[in-house]
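Once you have looked at the hints, place chain B on chain A.
Just so you know, the sequences run in chain order A and B. In terms of this note's numbering, the first sequence has 109 at position 109, counting the first letter as 1, and numbering is strictly consecutive. In terms of this note's numbering, the second sequence has 162 at position 162, counting the first letter as 1, and numbering is strictly consecutive.
Rather than coming from a laboratory, the hints here were simulated on the basis of the structure. Hints are not guaranteed to be accurate.
Because identical chains cannot be distinguished in the list, a pair is counted as satisfied if it fits within a single copy or across any two copies.
[Claimed, not checked] Each computed DSS-like pair below joins lysine-lysine, with the alpha-carbon atoms no more than 27 Å apart:
1. K113 x K423
2. K37 x K423
3. K220 x K37
4. K423 x K72
5. K72 x K113
6. K37 x K113
7. K72 x K219
8. K72 x K37
9. K297 x K235
10. K113 x K235
2 protein chains.
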Amino acid sequence: MAERIRATYWIETPYPLDVAAQVMAGEQSCGTFTRLKAETNELRQAHGARVERIEPLETVSAPSLPILSLPKTNGGAPVFQRAQVELSWPIENMGPSLPNLLATIAGNLFELKEFSGLRLLDIQLTSEFAQAYRGPAFGIEGTRTLAGIDQGPLIGTIIKPSVGLSPEGTANIVHELVSAGIDFIKDDELQANGPHNPLTERVDAVMRVINEHADRTGKKAMYAFNITGDIDEMKRHHDYVLAAGGTCVMATLNSVGLPGLAKLREYSAVPIHGHRAGWGLYSRSPYIGMSYIAYQKLWRLAGVDHLHVNGLRNKFSEGDESVIASAQACQTPMFDAPHNSCRIMPVFSSAQSAEQVGDTYAALGNTDLIYCCGGGIMGHPGGIRGGIDSLRQAWDAAEQGIALETYAQNHPELAQAIEAFRK
Amino acid sequence: MAERIRATYWIETPYPLDVAAQVMAGEQSCGTFTRLKAETNELRQAHGARVERIEPLETVSAPSLPILSLPKTNGGAPVFQRAQVELSWPIENMGPSLPNLLATIAGNLFELKEFSGLRLLDIQLTSEFAQAYRGPAFGIEGTRTLAGIDQGPLIGTIIKPSVGLSPEGTANIVHELVSAGIDFIKDDELQANGPHNPLTERVDAVMRVINEHADRTGKKAMYAFNITGDIDEMKRHHDYVLAAGGTCVMATLNSVGLPGLAKLREYSAVPIHGHRAGWGLYSRSPYIGMSYIAYQKLWRLAGVDHLHVNGLRNKFSEGDESVIASAQACQTPMFDAPHNSCRIMPVFSSAQSAEQVGDTYAALGNTDLIYCCGGGIMGHPGGIRGGIDSLRQAWDAAEQGIALETYAQNHPELAQAIEAFRK
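In isolation and in its complexed conformation, chain A is listed as follows:
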């Protein structure tokens, strides 16, 4: 018997759990609302989704999402039962195809009227998927090699203002950043190829600065050029970045789609930096959507090398526990050898400074990550160099198990960061 795809869901339903789980399995495989003669028992056996596990959780007295129809009860008020449900499908149904996997595990079932809540929590793919897709080409080690950073995190920043700078204006900031020793720089997700700052002109201006600095010092900062765009446009822009000596491209994942990302992966000769803008649409409601644990697996398999995970005490609505779980997920192997493990670098960003470093390291236990700061670098009292130095000092302190305040006593940039950014 071939392996099966598995997916785990959180559900809430006024129907008996076994009925509700069968509705999900039927809708997402061979069920129809009127059973047809062609729907033989053999066909059901071979292609039906299977309910593998139902784990009841608490009940609530009101539906979490609006629900149009309730089951008939014997006069009593309806009760909404929550549960975890695991379903499985034979790979024969969809083949090792990410877009068609998505239609199976995250398709029509979100709309089923039997549910007042339904979230995809996790997925388990089979080795056929690892053979069909390439996974990250660079991952953690490849990124470290290209960036020339053997140990410690890549200290990075995002060009700000997010949008509105000219190519030369961007290059001027890049000049300040590379002069101050930055490891990694990225375009904002709002800055791709707008008429005021066309990608090719930005590549010319920025790479002139980065290449000149690399020739002189031997250190080449990795710049993630945002090439998010249409299919052929991304190819052109990737080639342009490569020819100019660039070492990274960025794509906004929800904008390019899984096939768009997989296509980029086919030809990309540099790491692909994945931005998750729009992620709130999947995550913001506890009652509908998809966990990052499931989401990131799809994109890693499609070929992303870096993936945003937010940061501790961020400016968004995500709690710290979720941020750390996301980062750990990115570093957890998806497949065993000889397949690509698909381990990638999580990217921390959003209101980060030296202040969150200790907790980040304590929770993650390693430095295989990109640590992006905006104000935490640009707003440092000692300027950009002071900001970058304060971050390296904070990571050194964390790795050595020394309290931030203690380490700051003879590291003035760190002391300045604590004073400037502690709330």
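Positioned in the frame of chain A, the structure of chain B alone reads:
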């Protein structure tokens, strides 16, 4: 001054509305949490998103989505204010690029911690977008021409069981359907190119039946082959469908992404049937996501010709008013001449039969649509032909303003449908 992109949102926030709206505008354009020297007034003026309109709605005492941080109040309980907010951006920021438009209007803002609810309600694009993208190549008229249906809706069905049939098993059902006079048939969104029913073999088997019937009768049913897949795979499969004499391809939109669909549009020589599987993720919560009014504009511009809108009294969780608004939106021009108006055919499906025809016509006022029935055809007491005839009779009755029951008096198939499907 150039035209601006506009987007309208529904929001809920414990902050003053003007503050909250400025946070949205700042996050999605040139704002940073520490103002930088490069963020000049000129840059803000030229590239900042603008708050065009704030329309306060009701207040609620509890947040609709979990919210981590509340503004300081003077001892009183926080109040959550709902509102409609319209923002605008200069096209200079992102250029006429659908993937980058998406990152701007539906990106990080869903995660902003200042909001306990945020939905994108509508968008207004500029003519640059109509020049950059092609929009539907066939739309309503082109579909009618290819299907040979001058008036009335295309009566259609979906191959069921959704998944599990062999190519020959599919072709056998197609044979029954075309013999009974069907106009339109589609693959299920779960049936694409799985190992048990490879697309090329299905095309061979199905088109043999359709072509033979067309040669004999002059009527060629339109079959939407589900070619959802990776970028090059879709091209190969499109070409295969075309070479076999097929007249339609289908793509699951959320699976292929906007660039994937736009790429398909570039070469497609047949109408593109768009499936919205996964739509519940955008629509199921009233507090986060995107309205269909906004969603469908993106896909129409990218080139889809048919788009699913659910159906009245469907098996999902969507109300009838929303279904009709969606269908009307698909038929409403997006641009004035000489640009492509992007009018397309809405596709009704999900538990449809003759029973919903009258209300559908009354609400929509025209028959420029595809009306798909599963059980409503296959489960008809008179068999497939009886099911199809009952649907045509129901549409005739509706167009002539005759009550269904009256028309059924001398149309036995319709009478059977009423008896079989009335709940």
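Quick rundown of the hints versus the structure:
Taking the shortest Cα distances, K113 and K423 sit within 27 Å of each other only across copies (17 Å), while inside one copy they are farther apart (46 Å). For the identical chains of this complex, K37 and K423 are inter-copy neighbours only, at 23 Å across copies versus 68 Å inside a copy, given an alpha-carbon limit of 27 Å. In this homomeric assembly, K220 and K37 come within 27 Å of each other (Cα to Cα) only across copies, at 26 Å, whereas the closest approach inside a single copy is 66 Å. Only between protomers do K423 and K72 lie at most 27 Å apart by alpha-carbon distance; the minimum there is 15 Å, versus 54 Å within a single protomer.
For the identical chains of this complex, K72 and K113 are intra-copy neighbours only, at 14 Å inside a copy versus 40 Å across copies, given an alpha-carbon limit of 27 Å. Taking the shortest Cα distances, K37 and K113 sit within 27 Å of each other inside one copy (26 Å), while across copies they are farther apart (53 Å). In this assembly of identical chains, the alpha carbons of K72 and K219 never lie at most 27 Å apart, being 70 Å within a copy and 47 Å across copies at closest. Proximity of K72 to K37 under the C-alpha cut-off of 27 Å is found in neither arrangement, the shortest distances being 29 Å within a copy and 64 Å between copies.
Taking identical chains as interchangeable, the C-alpha atoms of K297 and K235 lie at most 27 Å apart whether they share a chain (24 Å) or sit on different chains (26 Å). Within a single copy, K113 and K235 get their C-alpha atoms no closer than 42 Å, and across copies no closer than 36 Å, so neither meets the 27 Å cut-off.
The structure shown violates the earlier hints numbered 7, 8 and 10.
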